[in-house]
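Given next are the chains, with one letter for each unit.
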Amino acid sequence: MPRILAKETLAPDVVRFWIEAPAIAKKRRPGQFVIIRTDETGERIPLTIADADTARGAIALIVQGVGKSTHKLNRLEPGDTILDVAGPLGQPTHIEPGMRVCCVGGGIGTAVVYPIAAGVRAAAGRVAAIVGARTKDLIILEREMAAVAEPCIITTDDGSHGRKGLVTEALRMLFAEGYEFDEVVAVGPLPMMQAVCAVTRPLGVKTIVSLNPIMVDGTGMCGGCRVTIGGEQKFVCVDGPEFDGHQVDFAEVAARLRAYREDEATAMDRYRAELAAPQR
Amino acid sequence: MAKKIGQKTKTPMPHVDPGVRRHSFGEVATGYSVELARQEAARCIECKNMPCVAGCPVEIDIPAFVRQVAAGDFDGAFQTLSAKNLLPAVCGRVCPQEDQCEKVCTLGVRFEPVAIGRLERFVADYAALMHLSDTAAPAAPSGRKVAIVGSGPAGLTAAADLAKLGHSVTIFEALHKAGGVLMYGIPEFRLPKTIVQGEIEKLTGLGVDIKTNHVIGRTFTIDELFSELGFDALFIGTGAGLPHFPSIPGVNLIGVFSANEYLTRSNLMKAYRFPEHDTPIVRGKNVAVIGGGNTAMDSVRTALRLGAEHAYLIYRRSRDEMPARAEEVEHAEEEGVEIVLLAAPTELLGNEKSRVRAMRCVRMALGEPDQSGRRSPVPIAGSEFEIAVDTVVFAVGQGANPLIRSTTPDLPVTKWGYIVADPETGATQKPGVFAGGDIVTGGATVISAMGAGRRAARAIDAYLHRLPAGGHAAADAFIST
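So the sequence lines, in the order shown, correspond to chains L and D. Heads up, the first sequence is in our numbering, so the first residue is 1 and it goes up one at a time. Heads up, the second sequence is in our numbering, so the first residue is 281 and it goes up one at a time.
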């Protein structure tokens, strides 16, 4: 069973794990994900491969504790094993040598943007980055992003770190300063990705977003992750997870993400109660 | 010399009462007792031409095992079954015997055929209970390595046959549990998962290595299985694996599923036990399942067990054209499924939260026969009607999963994406690669996939004997010179 080699906290409730998975570490390309299961009654959880270390045969996963499954995962420690890790899944990011890309990460979305930025850099491309969050504590991977991107602009809604304001304002500023990009890659909360698309659409700049819908198998078999792209049905697990943001039906993606909201709350409440109950 | 005819009808199979079972995921048919099994087996008239054997896709010596059951030699009957069928507990439950062995039974010409499927199940369950095992010794190790892609009925059968022939066999399964459709597709109430796992354990007992969480086409490509992992031959039995949704408005509303998703959540992920198990499922009060096959029946009966007040089965043709087993349709109706024939959805309507609230349908009439020989349904103008629903499940067939073909450019596929393979041998046009089951034929049955796995195993064995000493790599060099 895949073992957890290292764990560090990047932000409140946000953890980076290094997990032993040599075949996946060797095979994965930027943009791909794995599906993991922590235990026998657990859900299958899709998580972007945030980094890989082929020498150690390990992959990095960055997990934000949102519901029961991710909280359960985040309680695991180095030395613990994860029951199932399958991948790499999804299409790799389309990277061309020497391309100029602006990578925009919002909150936990920076974990998805970072491997793409690193991949573009490795292909002799030029990366500008905008990393945003509500507040200073929620900014992740600042050092890693700064190592592959120039400029690397930090924004916070409250101004506690970097520029005060939204990532879209920083993006507008870059365009105003005359930066030219072959592509913008934006990953974060749906409203943020939609807002970035609204900035780039009138400018005619191709914009890639990475979608994270509800999935079960992750291999194209169930169709639970279907989305509408330019009026056509696509499965995020085999056709994505990255799509042309100007073609995405964001309202539908958002609605479908809410499908199990009540069940998720039930599961989380019960889990909290279990944790609070005295240990036998 | 054939025996005289005794009891003219099948010995009935004991079932859980419909009123009880519609709320339970426990198995519906409870199986023959020793007495009932011997009584049924005694009905075989031991006819000379034995058409049942040819009616079985895996060629079980049916008259022999039936005779052994009649004589009370259940161990012997199990050995007879095991010689040809690795999964008797599965086949005894889910094979369409009425279209195979029982269809051609001599007794069935004038009366009801021998209940061969029920007897097969009895023997398999007896063997499991008594911990009987297949006593046939495997052949000496051949030194050849075979990879099996997919652990459904085709892959399991091919793996067992190849292991018995002395080859070193590794199964790669994409999901976290082996069994394929037997685990994610067919519900507990029709095929208990402990039974499937019991059958799979027999494979590991034969030395087969099962690697779950390995998505071929992603974790390793087909070519890497040869070049990096050193396999000499491989069999692709991945299943079809890409659900179809009709091109009507509203299919992406919340509460609308493919049967694959609905059944996978319930069966593989055990969502019917949410919140003890973490995966949730929509527990609809008014559920409509679209389709007329066994998958549609499994879905609509699952809906009842998840608490539906109304579980509708909507099928566009008439009852005669339904591809589902008659027994499954009967079971569904006994449990309270409401079957709506000659109707098809034209639109799904949502509420303000994008949840499905109603389905608009149109009545159909049967027109001329189509390519399948079945009369094709034609919409009747002005016959639209609406049904209030909160869950819709489409069980209208599948397409070919793209993961392997998109990463194996030299593997020829049909225009629908199915792998081109010789129906007799499973050989594809790529050397050393064989394929069978739904990824070749499109959606079919468990037993037909098993038959394809068996035929491919035979051909793979012959291929391995022809391989030069260096294995696949040497063969490749040989072919390219």
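The set of hints was computed from the structure by calculation and includes no laboratory data. Some hints here could point you the wrong way.
Below are the DSBU-like pairs computed for lysine-lysine, each with C-alpha atoms no more than 35 Å apart in a straight line [said to hold, decoys possible]:
| hint | chain 1 | residue 1 | chain 2 | residue 2 |
| --- | --- | --- | --- | --- |
| 1 | L | Lys27 | L | Lys164 |
| 2 | L | Lys27 | D | Lys550 |
| 3 | L | Lys27 | D | Lys491 |
| 4 | L | Lys234 | D | Lys364 |
| 5 | D | Lys491 | L | Lys7 |
| 6 | D | Lys633 | L | Lys27 |
| 7 | D | Lys550 | L | Lys7 |
| 8 | L | Lys234 | D | Lys290 |
| 9 | D | Lys491 | D | Lys364 |
| 10 | D | Lys710 | L | Lys27 |
| 11 | D | Lys633 | L | Lys206 |
The hints, checked one at a time:
1. Lys27(L) / Lys164(L): Judged against 35 Å, a Cα distance of about 39 Å means the pair is violated.
2. Lys27(L) / Lys550(D): Distance of about 31 Å is within 35 Å: holds.
3. Lys27(L) / Lys491(D): Holds. Lysine 27(L) to lysine 491(D) sits at ~17 Å (cutoff 35 Å).
4. Lys234(L) / Lys364(D): Answer violated: lysine 234(L) to lysine 364(D) is near 42 Å, above 35 Å.
5. Lys491(D) / Lys7(L): holds, 27 Å
6. Lys633(D) / Lys27(L): Violated, at about 40 Å.
7. Lys550(D) / Lys7(L): Measuring from Cα to Cα gives roughly 30 Å; hence the hint holds.
8. Lys234(L) / Lys290(D): With a Cα-Cα distance of about 49 Å, the restraint between lysine 234(L) and lysine 290(D) is violated, given a limit of 35 Å.
9. Lys491(D) / Lys364(D): holds, 25 Å
10. Lys710(D) / Lys27(L): Holds, because 23 Å separates the two Cα atoms, which is no more than 35 Å.
11. Lys633(D) / Lys206(L): holds, 31 Å
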